[in-house]
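Colleague: Sequence:
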Amino acid sequence: MKKLLSSILLLLTLSTISFAQKVNPAKWTWSLSKPNPEVGETVDVIFTVSIQKDWYLYSSDFDPDLGPTVTTIKFTPNDSYETVGSLKAINPSRKFDKEIWNGEYSYFKGKAEFRQTVKILKDKINIDGAYDSQSCSDVTGMCVPIKGAFLIEAQSATAKKTDDKKPNLDSLKAVEEAAKLKADSATIVPTDSVSSDSSAVSGDALTASDEEKPEETSLWGFFLLALGGGFVALLTPCVYPLIPMTVSYFTKQKGGLQKALLYGFFIIAIYVLFGTIIAYAFGQAAPNFISTHWIPNMLFFIVFVVFGVSFLGWFEIVLPSSFVNKIDAQSDRGGIGGIFFMAFTLVLVSFSCTGPVAGTILSLGSQGQILRPIIGMFGFGLAFAIPFTLFAIFPNWLQNLPKSGGWMNSVKVILGFLELALALKFLSTADQTYHWHILDREVYLAAWIVIFSLIGLYLLGKIQMPHDSNLDKVSVPRTLLAIAVLTFVVYMIPGMFGAPLKALSGWLPPMETQDFVIGGESSSVETSSNADPNFPKKVKYDEFLKLPLGLHGFFDYKEAAAYAKQVNKPLFIDFTGHGCVNCRKMEAAVWSNPEVKKRIENDYVLVALYVDDKTELPKSEWYKSKDDGLEKTTIGDQNLDFEITRFNGNAQPYYCLVDPNNDSKTLVKPRAYNENIEEFIKFLEDGKAKFNKK
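Quick note on numbering: the sequence shown equals residues -20 to -1, 1 to 674 in mature numbering (1 follows the signal peptide of the UniProt record, and there is no 0).
Please note that a few of the clues may not be correct.
Stated by the list, open to error - In silico lysine-lysine, DSSO-like type, Cα no more than 27 angstroms apart, as pairs:
{"hint": "1", "residue 1": "645", "residue 2": "670"}
{"hint": "2", "residue 1": "14", "residue 2": "68"}
{"hint": "3", "residue 1": "75", "residue 2": "104"}
{"hint": "4", "residue 1": "578", "residue 2": "674"}
{"hint": "5", "residue 1": "518", "residue 2": "577"}
{"hint": "6", "residue 1": "518", "residue 2": "594"}
{"hint": "7", "residue 1": "33", "residue 2": "102"}
{"hint": "8", "residue 1": "649", "residue 2": "578"}
{"hint": "9", "residue 1": "549", "residue 2": "442"}
{"hint": "10", "residue 1": "453", "residue 2": "520"}
{"hint": "11", "residue 1": "599", "residue 2": "565"}
{"hint": "12", "residue 1": "674", "residue 2": "577"}
{"hint": "13", "residue 1": "68", "residue 2": "649"}
{"hint": "14", "residue 1": "612", "residue 2": "518"}
{"hint": "15", "residue 1": "662", "residue 2": "606"}
{"hint": "16", "residue 1": "594", "residue 2": "517"}
{"hint": "17", "residue 1": "578", "residue 2": "594"}
{"hint": "18", "residue 1": "549", "residue 2": "578"}
{"hint": "19", "residue 1": "538", "residue 2": "453"}
Honestly, the hints are just simulated from the structure, not real lab data.
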């Protein structure tokens, strides 16, 4: 019964959210860190945001080109203060999103805080401006722009002393005027106290699992990846032969078990030390730089290519022998110090095989949270420590180990091919960010098809590398692995002609970079408008805004409405955003359905209104909103204001079907994010029927 009630409540909640009108999950308040600062003193303007449960707010300190809307706060300059430095986000959480954004963003849950340092220049202090942010739901995926104005008026300490008994009428009047702006229902706080909102949930009210669950999952997955990489590195010719020799040394000594355990501990500690150094060197801000900037991505690309060709047998990467010999000599000291240097010697001697694998893990770890390099090296070191410890406890197991041989070089060669494949991902990141068009989707796929085909041929013994042994016959495991690799190659081939390859969507460049798609429609207006001679050859903003799936339509409401009246069709309004993840999901999962796409193309005039586009309009098109009293100067601001004032909504995606001759209300209830295709088709059919009936 409880499960049934819970399900009903969940459905009611989701349906309420889906058709919710104006949503405000994050409420802003602001104050000065000192209520009456002295002239010449620097203080902080503190912005506090109360965020509802199951929602999060994007922070201000990540790459604005990544996709999500970065929080910005603009101050209106005047002679009573000046800003010092840039806006600071206080302890946001960070997450690396590989599937959608392919980069790291920062965010807040429960409660957010931003600080801007200002210098006070006059006795009468007047600080005002506007904030722009975005809040998204963990439950429904809905994203809501949060914008508003702020005003802080105060007096310096000197002016307050001389005028302490007089009421500050000017300040009260200014506060009253600011309150009329309806700045997203935020409470105006002109002093150092911050009011709380009963409808919001404070940071303390959230459990640790609420805030840390996504990051914990990511870290756990990365740990398993690093552990697997360590086990693979064990099978290389630099490491595998050392296992029986080292274990035999411990089993022949008194207290060998304890020493073997200590040896394994030191191996882990040495690798964790490397991870800690990397984490400390990169710090909190570097992951975003590494994820998006061309310099680190090109550096990783070159390093991975060098590692890859080294594994293939072109040359060997080794440390100076004099250094290795000095460390090895220290292992003869005995005691704990000797065991430590034995572990250190293992790490150094095996570097030519483990370095590329460990380097791969460190490079991937450096692009995520600050703990990732440490956790990655812990997993990698643990994989090394486990066999030495287990074989020391159970020495008879050594007899069952496969003998060293040519198969170990095969492992190394396969790793070399994989390093080359992975190197392309870093080149692709730089290529997409800076629009070089070196590695478009079909070029990237062609390279991967060739690399993995070579792996398959190598496994079947059709090609050999410099250090390979002669392969008289192919074993069953090699054959099965070759089948798996070549199957993957066959899966990738249709991608050369435009197949989506959803399993690789996080690795491949976007479909828009592909020049040739069999059966695909051009996304350009000129091509798609050929079917309708009345469709304009050039529509507003189409030089930088595009529609998905080859659909044609508009990006300006007035232009779309005029055309819809001309062809006597209803309007399909798509309130969307560049940084709207669920907008992209709806387009890929729902709009791509042939029945849905057919109805959008044939029955409606499509207009996509981007609410987060920062393109500034000519001054003649600016206007002051009736909703919040703020001047709307950009395409995004005006589209969002249109959504709020006309349709009483502020979330994306938000789909409205209207009659262009009477657009005061929608034909049917608007829809938000919902991947049910049948319901979306019904939504389109009902809108068409209502329009035809009119």
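Colleague: Decide, hint by hint, whether the structure agrees.
Modeller: Tested hints:
no.	hint	verdict
1	645 - 670	12 angstroms, holds
2	14 - 68	18 angstroms, holds
3	75 - 104	42 angstroms, violated
4	578 - 674	22 angstroms, holds
5	518 - 577	22 angstroms, holds
6	518 - 594	21 angstroms, holds
7	33 - 102	41 angstroms, violated
8	649 - 578	21 angstroms, holds
9	549 - 442	62 angstroms, violated
10	453 - 520	65 angstroms, violated
11	599 - 565	35 angstroms, violated
12	674 - 577	24 angstroms, holds
13	68 - 649	41 angstroms, violated
14	612 - 518	25 angstroms, holds
15	662 - 606	34 angstroms, violated
16	594 - 517	25 angstroms, holds
17	578 - 594	31 angstroms, violated
18	549 - 578	14 angstroms, holds
19	538 - 453	72 angstroms, violated
Going down the numbered hints, you'll see the structure goes against 3, 7, 9, 10, 11, 13, 15, 17 and 19, while the others check out.
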